[in-house]
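Go ahead and model the full structure; you've got the sequences and the hints to work with.
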Amino acid sequence: MTQTIHPFGTYAPVGLVRWILSRTERLPYEKWGARRLAMILRRSAIRLLRGRPLDVERYGARMRLHPYNNNCEKKVLFTPQFFDPLERQVLQDKILTRRIGPDCVFLDIGANVGAYALFVAAQAGPGARILAVEPQPDIFDKLAFNIAQNPFGSVKAVACAVADKAGEMTLFVDPRNRGESSLKVVGTSEGAAIRVPAVSLLDLVRGEGLTRIDAVKLDVEGAEDLILEPFLRQAPPSLLPRLLVIEDGTDLWQTDLAALLTRHGYRRIAQTRLNLVFEREG
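In terms of this note's numbering, the sequence shown opens at residue 12 and continues consecutively.
Quick caveat, the hints were computed from the structure, so don't treat them as lab data. Predicted model, so just to flag it, every value in this text is computed and none were measured. Be aware that a few hints might be false.
[As the list claims (entries may be wrong)] Listed next, the in silico SDA-like pairs over lysine to any residue satisfying Cα-Cα at most 25 Å (straight line):
1) K86 to Q282
2) K105 to D259
3) K42 to E292
4) K176 to D262
5) K176 to A246
6) K105 to L271
7) K86 to V101
[Unchecked claim] So the derived label-pair ranges between C-beta atoms look like this:
8) G178 to G136: 35 to 45 Å
9) R63 to R274: 45 to 55 Å
10) R29 to G71: 14 to 24 Å
11) R29 to C171: 33 to 43 Å
A virtual CB, placed ideally from N, CA and C, is assigned to each residue, including glycine.
Structure (structure tokens):
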């Protein structure tokens, strides 16, 4: 596989693809016309690439990105400024102001190819502990490759799903957008169902010997309540994360997760089109 056989730099952008990247990565986030232009240019570049990945630096980290059946990789590659800008700004501000600090403990659950985990690693110090959790075997390989290209030493890739209990579970794989694969939502009829190992969030934390959690990014396509409800019920207060960035799956949750978080001392500090951000006082 290209993500492991060839060294980083083999797939550096060249020619017209390099020119397109230089344009799309500078387009203003706020303007609809810029987004439309980015989509047109991105399609042209993907045709030119003919299935090849690209080796780039994003958010202070090296990444090999495959912009085909994964919206996360497409966005981070061509328009990194469009990828969760407010959420990343909140994390950066909390690290710099020491609300969570440079030696933070950060969990990236549903890590995909590692954009959030590597962003936090680049912002934090060498004493940080970052777990990047991804259950899809081929996506996990890309994640592990990207981590290995960087000198941080603070990021550990974990190959499993996080759920309400330990065991083997069915993951429904979305072939059109691998970032939308889920334990909870059956995607298109074209998708495959694979069996993956799973652990509860509390078991994951205890298994890694963590005594605190500063921040969690949780993007598991509607299964956020499945993970957080038992964790909030069972975990001691000392393990409750200070900051939570959660994909907004309100229409899919079987629990009023926002109300549950409020009862555990959290307040919502930001909301975007895709995510909710909660902070716990104290």
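Outcome of the hint check:
1. K86 to Q282: holds, 20 Å
2. K105 to D259: holds, 21 Å
3. K42 to E292: violated, 35 Å
4. K176 to D262: Roughly 23 Å separates the two Cα atoms, so the pair holds.
5. K176 to A246: Judged against 25 Å, a Cα distance of about 14 Å means the pair holds.
6. K105 to L271: This hinted pair holds, its Cα atoms lying about 23 Å apart.
7. K86 to V101: holds, 19 Å
8. G178 to G136: 35 to 45 Å: The hinted range 35 to 45 Å holds for G178 and G136, with Cβ atoms some 36 Å apart.
9. R63 to R274: 45 to 55 Å: Check passed, 50 Å falls within 45 to 55 Å.
10. R29 to G71: 14 to 24 Å: This hint holds: roughly 20 Å between Cβ atoms.
11. R29 to C171: 33 to 43 Å: Since the Cβ atoms of R29 and C171 sit about 37 Å apart, the hinted range of 33 to 43 Å holds.
Consistency with the previously given hints fails for number 3 only.
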